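Peer 1: Residues per chain are reported as follows:
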Amino acid sequence: MTDRILITGATVIDSTGERQADVHVRDGFIVEAGDDTGAGSGVGVETIDATGLVVSPGFVDLHTHLREPGKEEAETIETGSRAAALGGYTAVVAMPNTDPTQDCVSVVDFVRRQGQAAGLCDVRPSGSITVGRQGDQLTPFAELADAGVTIFTDDGNGVQDAQLMRRAFEYTKGLGVTLAQHCEVEQLTGGAVMHEGDCCSHLGLPGWPALAEELMVHRDIELVRLTGAHAHFLHLSTARSVELVRAAKAEGLAVTAEATPHHISLTDELLRSYSAIYKVNPPLRTMDDVVAVRDGLADGSIDAIATDHAPHVSETKERPLDQAPPGMVGLETALGVAIAHLDMDLVDVVAALSWKPAAIAGLADEHGCDIAPGAPANLTIFDPAKEWEVVPALLASKSHNTPFVGVPLRGKVEHTILQGTFTVRDGKATR
Amino acid sequence: MSRSLLSIDELGADGVRRILDLADTMAEVNRRPNPKVPALRGKTVCSVFFEDSTRTRLSFETAAKRLSADTMTFAASQSSLNKGESLKDTIETIAAMGVDAFVIRHRSTGAPWLVDGWTNASVVNAGDGWHAHPTQGLLDAYTVRTCLNRPDGFDGLRVAIVGDIKHSRVARSTTAAFTALGADVTWVAPSTLLPPVVHEHATDRLDDVIGADGEGLDVLYMLRMQNERMTEALVPNLREYTTRFGLTAERAARLAPQTLVMHPGPINRGVEIAVDPSELPGAVINQQVTNGISVRMAVLYDMLSIGSDPTSDIVITDAVAAERTEES
Amino acid sequence: MQDRAPKAVLGSEDVRRATTRMAHEIIERNQGLDGVVLIGIQTGGVWLAEALGGEIARIDREIPTGSIDASLYRDDIGLRPVSPAAVSDIGFGIDASTIVLVDDVLYTGRTVRAALDALGDYGRPRSVQLAVMVDRGHRELPIRPDFVGKNLPTSTAEDVSVTVEGVVIS
Numbered sequence: 001m002t003d004r005i006l007i008t009g010a011t012v013i014d015s016t017g018e019r020q021a022d023v024h025v026r027d028g029f030i031v032e033a034g035d036d037t038g039a040g041s042g043v044g045v046e047t048i049d050a051t052g053l054v055v056s057p058g059f060v061d062l063h064t065h066l067r068e069p070g071k072e073e074a075e076t077i078e079t080g081s082r083a084a085a086l087g088g089y090t091a092v093v094a095m096p097n098t099d100p101t102q103d104c105v106s107v108v109d110f111v112r113r114q115g116q117a118a119g120l121c122d123v124r125p126s127g128s129i130t131v132g133r134q135g136d137q138l139t140p141f142a143e144l145a146d147a148g149v150t151i152f153t154d155d156g157n158g159v160q161d162a163q164l165m166r167r168a169f170e171y172t173k174g175l176g177v178t179l180a181q182h183c184e185v186e187q188l189t190g191g192a193v194m195h196e197g198d199c200c201s202h203l204g205l206p207g208w209p210a211l212a213e214e215l216m217v218h219r220d221i222e223l224v225r226l227t228g229a230h231a232h233f234l235h236l237s238t239a240r241s242v243e244l245v246r247a248a249k250a251e252g253l254a255v256t257a258e259a260t261p262h263h264i265s266l267t268d269e270l271l272r273s274y275s276a277i278y279k280v281n282p283p284l285r286t287m288d289d290v291v292a293v294r295d296g297l298a299d300g301s302i303d304a305i306a307t308d309h310a311p312h313v314s315e316t317k318e319r320p321l322d323q324a325p326p327g328m329v330g331l332e333t334a335l336g337v338a339i340a341h342l343d344m345d346l347v348d349v350v351a352a353l354s355w356k357p358a359a360i361a362g363l364a365d366e367h368g369c370d371i372a373p374g375a376p377a378n379l380t381i382f383d384p385a386k387e388w389e390v391v392p393a394l395l396a397s398k399s400h401n402t403p404f405v406g407v408p409l410r411g412k413v414e415h416t417i418l419q420g421t422f423t424v425r426d427g428k429a430t431r
Numbered sequence: 001m002s003r004s005l006l007s008i009d010e011l012g013a014d015g016v017r018r019i020l021d022l023a024d025t026m027a028e029v030n031r032r033p034n035p036k037v038p039a040l041r042g043k044t045v046c047s048v049f050f051e052d053s054t055r056t057r058l059s060f061e062t063a064a065k066r067l068s069a070d071t072m073t074f075a076a077s078q079s080s081l082n083k084g085e086s087l088k089d090t091i092e093t094i095a096a097m098g099v100d101a102f103v104i105r106h107r108s109t110g111a112p113w114l115v116d117g118w119t120n121a122s123v124v125n126a127g128d129g130w131h132a133h134p135t136q137g138l139l140d141a142y143t144v145r146t147c148l149n150r151p152d153g154f155d156g157l158r159v160a161i162v163g164d165i166k167h168s169r170v171a172r173s174t175t176a177a178f179t180a181l182g183a184d185v186t187w188v189a190p191s192t193l194l195p196p197v198v199h200e201h202a203t204d205r206l207d208d209v210i211g212a213d214g215e216g217l218d219v220l221y222m223l224r225m226q227n228e229r230m231t232e233a234l235v236p237n238l239r240e241y242t243t244r245f246g247l248t249a250e251r252a253a254r255l256a257p258q259t260l261v262m263h264p265g266p267i268n269r270g271v272e273i274a275v276d277p278s279e280l281p282g283a284v285i286n287q288q289v290t291n292g293i294s295v296r297m298a299v300l301y302d303m304l305s306i307g308s309d310p311t312s313d314i315v316i317t318d319a320v321a322a323e324r325t326e327e328s
Numbered sequence: 001m002q003d004r005a006p007k008a009v010l011g012s013e014d015v016r017r018a019t020t021r022m023a024h025e026i027i028e029r030n031q032g033l034d035g036v037v038l039i040g041i042q043t044g045g046v047w048l049a050e051a052l053g054g055e056i057a058r059i060d061r062e063i064p065t066g067s068i069d070a071s072l073y074r075d076d077i078g079l080r081p082v083s084p085a086a087v088s089d090i091g092f093g094i095d096a097s098t099i100v101l102v103d104d105v106l107y108t109g110r111t112v113r114a115a116l117d118a119l120g121d122y123g124r125p126r127s128v129q130l131a132v133m134v135d136r137g138h139r140e141l142p143i144r145p146d147f148v149g150k151n152l153p154t155s156t157a158e159d160v161s162v163t164v165e166g167v168v169i170s
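Order-wise, the sequence lines are chains A, B and C. Note that the numbering used here numbers the first sequence so that position 299 is 299, with each residue one more than the last. Note that the numbering used here numbers the second sequence so that position 78 is 78, with each residue one more than the last. Note that the numbering used here numbers the third sequence so that position 150 is 150, with each residue one more than the last.
Heads up, a few of these hints could be off.
As the list claims (entries may be wrong) - Calculated cross-link-like contacts (lysine-lysine; reagent style BS3-like; alpha-carbon spacing at most 25 Å):
#1 A/Lys317 / A/Lys386
#2 A/Lys173 / A/Lys71
#3 A/Lys398 / A/Lys428
#4 A/Lys398 / A/Lys71
#5 B/Lys88 / A/Lys317
#6 A/Lys71 / B/Lys88
#7 A/Lys317 / A/Lys249
#8 A/Lys398 / B/Lys65
#9 C/Lys7 / C/Lys150
Calculated from the structure, these hints are not laboratory results. Remember, predicted model here, so these are calculated numbers, not experimental data.
Based on the provided sequences and hints, a complete structural model is requested.
Peer 2: So this is what it looks like as structure tokens:
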């Protein structure tokens with residue numbers, strides 16, 4: 001069921017820039033977008049007064065853990081989709097570290113169907129690079145590509161074997177898919193629970209040196225150079241990683257990168273609370289790294305903001321640091337963190353949330369589209385100035401492990417429209 | 001006065017002094033034929049040790065008993081933790097039995113802080129991961145204070161701590177305690193056994209620190225060198241470790257007789273200390289153990305008797321008078 | 001804390017005379033000084049024990065003097081702030097001795113009771129007598145002084161301060 005929707009008085013932001021316009025949606029598509037659509041309010045038209053609000057293409061998350069199949073106690077595709085919609089997302093790329101792994105058509109189809117049944121967000125499953133994410137055997141890329149998969153990653157882990165990664169790049173070159181890497185040289189991070197630096201030295205905790213990420217970023221950039229493939233770097237977190245990608249892009253190499261909301265706003269000092277809520281892979285780093293990542297987003301070295309939404313049952317996060325799983329939820333707070341912490345024009349913030357990740361995910365014909373007649377109606381309507389604070393118990397996600405309690409957020413989603421239908425109306429999910 | 005003792009940093013320099021002063025009183029109690037006072041009668045102290053340690057646990061239990069407190073022991077290996085009960089549930093179950101203080105040792109950094117958040121009982125950190133062991137730091141400071149007669153502080157005192165600093169909560173807490181009192185602490189270790197970021201003076205040349213005649217050092221603190229470190233490529237082998245960092249006969253001969261030699265125990269004979277400690281004039285390792293009881297008594301008393309206002313009985317404030325009227 | 005003008009009820013001369021009188025009383029009551037020791041309760045009783053010791057030495061001879069801290073024996077831990085005022089110092093055996101326990105002010109009697117318990121952990125004296133400079137009344141336990149400098153009825157709202165300089169009520 002699609003609505004007829006008229007959005008009036010809004011500031012429209014898309015890749016062409018910022019303008020005042022009304023937007024008229026019908027049958028899942030934008031029919032008019034201009035000063036006076038002339039469609040008029042009438043019978044069967046739902047009118048939204050968007051004065052003071054922004055209408056943009058819906059956000060696309062390149063990096064979400066929906067946990068289903070395998071860890072439904074932490075999140076399901078339905079609850080994760082709802083959290084995504086409330087965060088303004090019309091599409092999410094579901095990470096493959098499920099149980100069973102998303103390394104075969106049957107699991108990938110299952111995830112997509114569940115997403116469709118929930119009807120709150122366009123759930124696009126990614127595939128793993130290696131079978132079972134074990135790092136030994138390549139996944140049947142072509143089979144999964146035929147089933148619609150556009151991004152492959154072993155996220156949760158990086159592919160440790162350089163030879164295997166080279167083969168993966170070579171094999172997938174012609175398939176129109178992207179390999180995405182969780183950069184972590186595991187031999188350098190054994191037992192680590194936080195960033196290796198001043199804070200971890202003082203606390204006497206095993207640390208994750210920045211080098212463990214940078215070494216793999218460097219390796220994959222060189223493999224891209226060697227093979228002519230392209231690579232996407234997940235959740236970059238260190239200053240040097242940003243430098244490496246900036247230099248690679250300057251040379252014209254086909255690399256893209258993303259950063260999480262927590263890596264542009266939080267530092268390793270939070271671990272002095274000993275709370276596992278702040279434990280994440282890659283870990284929270286120093287202020288210098290945070291600034292470098294922000295700068296990377298500002299100058300385009302980092303293309304997209306991706307949440308790495310990682311739900312965990314609260315009991316697991318109440319354990320001591322070394323026993324707790326890493327990860328933070330982030331779908332519902334991404335916009336709020338981004339606007340509050342990035343010193344960028346709103347257009348550029350929205351770019352990083354919407355059309356740039358849409359392009360990387362190969363979804364640009366459906367998501368992140370310019371708001372013009374004929375475009376699919378996947379839209380986010382948000383208040384860019386609204387200041388708010390997150391209350392964990394009120395999150396729609398099944399898990400509440402958010403690190404942003406007490407952090408001021410600016411920017412809140414009011415409505416989300418998926419294929420012309422409201423998934424979020426007045427800040428509440430419609431189903 | 002403070003409800004819990006989790007780290008030297010949180011205790012602060014004033015707190016360190018307060019505990020050491022209290023330890024003088026407790027040491028006097030321990031010198032009596034009947035070393036027992038009724039101060040904590042009716043209080044229950046529960047030792048919750050998730051890591052093996054007979055010595056520290058016995059030290060705490062002795063301290064509690066000498067203050068007439070009741071003691072309980074929770075031994076992790078016999079516990080329902082093995083059946084999947086979470087740390088939080090374990091603590092809440094014990095707290096429900098009416099415990100005034102937990103003494104907790106856990107292999108995970110931060111566990112005592114989590115416990116402190118889950119209960120109103122006092123929590124004493126008896127060692128968490130590589131991070132902190134505040135009562136060890138306090139008893140080490142007390143030992144130096146009494147053996148070198150430095151009741152006013154450690155300004156100008158030169159201390160060297162030698163060994164596996166990186167994995168040592170003793171090194172961290174003892175350094176914090178000595179530094180809080182004004183001492184000058186140097187860490188002596190190979191880089192692989194130092195934390196990634198070091199703010200203290202650090203060197204890998206023990207012989208330079210001891211000097212030709214040992215006059216440059218007031219306290220030599222040797223840490224245990226654990227066998228497990230061998231498998232992690234942190235030191236090539238123990239023999240090389242002892243040659244470079246051990247208290248060998250040759251180094252012992254160069255030590256000044258008034259230099260204190262300390263060790264948290266138990267000693268790996270032949271590794272970090274390659275001589276018989278009883279032949280070292282400055283060895284105060286046994287005093288450390290004895291002082292451990294006094295210091296732990298001081299800590300338990302400080303936490304479980306409310307307040308540390310040194311008002312004597314003569315001056316009765318209105319507040320107390322009102323309280324007395326309420327009581328009767 | 002009440003704001004009232006402190007009133008000096010005894011001057012330093014009065015205190016000195018009372019000390020001398022009590023010293024004589026102690027010697028008289030014990031028919032000499034055999035086995036008699038002075039133990040001041042920390043902290044208020046220490047100066048008085050030393051003062052009594054000085055007077056007794058002037059009149060007769062020196063006797064052993066020590067001090068005891070009773071904080072760890074108080075029965076009201078948990079009700080009020082307490083921390084050991086000083087370390088106990090009894091450098092002699094007390095078995096079979098006659099202890100003259102000394103404090104500056106006797107009030108509820110709880111401090112003396114605690115001190116008696118504390119002494120019990122050092123040995124078993126033949127007897128214990130109590131000497132105080134001021135008895136201000138309001139006893140809560142069956143404790144009575146053997147030697148008193150001055151009886152001073154007070155209200156519980158008042159503070160009594162006793163030093164070698166004199167006694168002040170405020």
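Peer 1: Taking the hints in turn, state whether each one holds.
Peer 2: Checked hints:
1. A/Lys317 / A/Lys386: 30 Å, violated
2. A/Lys173 / A/Lys71: 33 Å, violated
3. A/Lys398 / A/Lys428: 16 Å, holds
4. A/Lys398 / A/Lys71: 11 Å, holds
5. B/Lys88 / A/Lys317: 11 Å, holds
6. A/Lys71 / B/Lys88: OK: A/Lys71 and B/Lys88 at ~22 Å, within 25 Å.
7. A/Lys317 / A/Lys249: This hinted pair is violated, its Cα atoms lying about 38 Å apart.
8. A/Lys398 / B/Lys65: 48 Å, violated
9. C/Lys7 / C/Lys150: 15 Å, holds
In this structure, the earlier hints numbered 1, 2, 7 and 8 are contradicted, and the remaining ones agree with it.
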